[in-house]
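**Student:** As a plain string of letters, each chain reads:
There are 2 protein chains.
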Amino acid sequence: MTTTTRCAACKYFRRRCSSDCIFAPYFPANNPQRFVCVHRIYGANNIGKMFEGFPEQLRGNAIECLCYEAKCRIQDPVYGCVSIISWLHREIHLAQTQLAKAQAQIALLDPGVEVAITTPR
Amino acid sequence: MTTTTRCAACKYFRRRCSSDCIFAPYFPANNPQRFVCVHRIYGANNIGKMFEGFPEQLRGNAIECLCYEAKCRIQDPVYGCVSIISWLHREIHLAQTQLAKAQAQIALLDPGVEVAITTPR
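Note that the protein sequences, when read in sequence, are chains L and Y.
Its first residue numbered 3, the first sequence is counted upward by one per residue in this note's numbering.
Its first residue numbered 3, the second sequence is counted upward by one per residue in this note's numbering.
Simulated from the structure, these hints should not be mistaken for lab results.
All C-beta atoms in this analysis are idealised placements derived from N, C-alpha and C, irrespective of residue type, glycine included.
A couple of the hints might just be wrong.
[To be verified] The following label-pair restraints were derived from C-beta to C-beta distances:
hint, chain 1, residue 1, chain 2, residue 2, range
1, L, L60, Y, K103, 52 to 58 Å
2, Y, R17, L, P27, 35 to 41 Å
3, Y, L111, L, F56, 30 to 36 Å
4, Y, P113, L, A106, 17 to 23 Å
5, L, C23, Y, S88, 38 to 44 Å
6, Y, R17, L, R42, 46 to 52 Å
7, L, Q77, Y, L110, 51 to 57 Å
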């Protein structure tokens, strides 16, 4: 029955999954795609090496972030999640412009009113 | 004099840099750190494989993005550039809140005025 309990990483590599497998807690057997993504972008060896640098209690978060970035890179091979960062920067610029307009409108409606709202960084 | 003209990738691997080296245009000899970063995170083989998927005219952009993500991951091993995405999301939320306050203030100052400003997505 070993086959059914192998984690997604060991299943992918068609190897036995030991009880101390470093991938097992983060790549469950029921979600093989998760491992396929990070393996394709970072390579299993690099993932293993990076693991060593993660504090144990943050490994789950770190793997989530790696999976997210890998998924973005597969969806957008050229720009990866940098395209999301660019889009968010544009959104902030838009919001800042709208806010400046609103502040100008407030100042026009009541020059005495204190415009306490500050623009985001 | 081959040594001085080797690209940063070939220099790192202590190998000859051929005239058709795929890394040479993107990893110049005078910036070795750039290759060290992407190699550490993605591995040279994976970078090579990803190259094949990039349209030739976008390779420069793709390498820029990979270097950016790798640098973020080295600076913040757990969250990488996902921490920037989270921060930008918080900034947008803050801007939306400020904008909503400004719109409420406008409506209060002049209930007849049309608040044409829309909140960002």
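**Student:** Decide, hint by hint, whether the structure agrees.
**Tutor:** Okay, the hints, checked on the actual structure:
no., hint, in the structure
1, L:L60 <-> Y:K103: 52 to 58 Å, "violated (36 Å)"
2, Y:R17 <-> L:P27: 35 to 41 Å, "holds (38 Å)"
3, Y:L111 <-> L:F56: 30 to 36 Å, "violated (52 Å)"
4, Y:P113 <-> L:A106: 17 to 23 Å, "holds (19 Å)"
5, L:C23 <-> Y:S88: 38 to 44 Å, "violated (30 Å)"
6, Y:R17 <-> L:R42: 46 to 52 Å, "violated (25 Å)"
7, L:Q77 <-> Y:L110: 51 to 57 Å, "violated (44 Å)"
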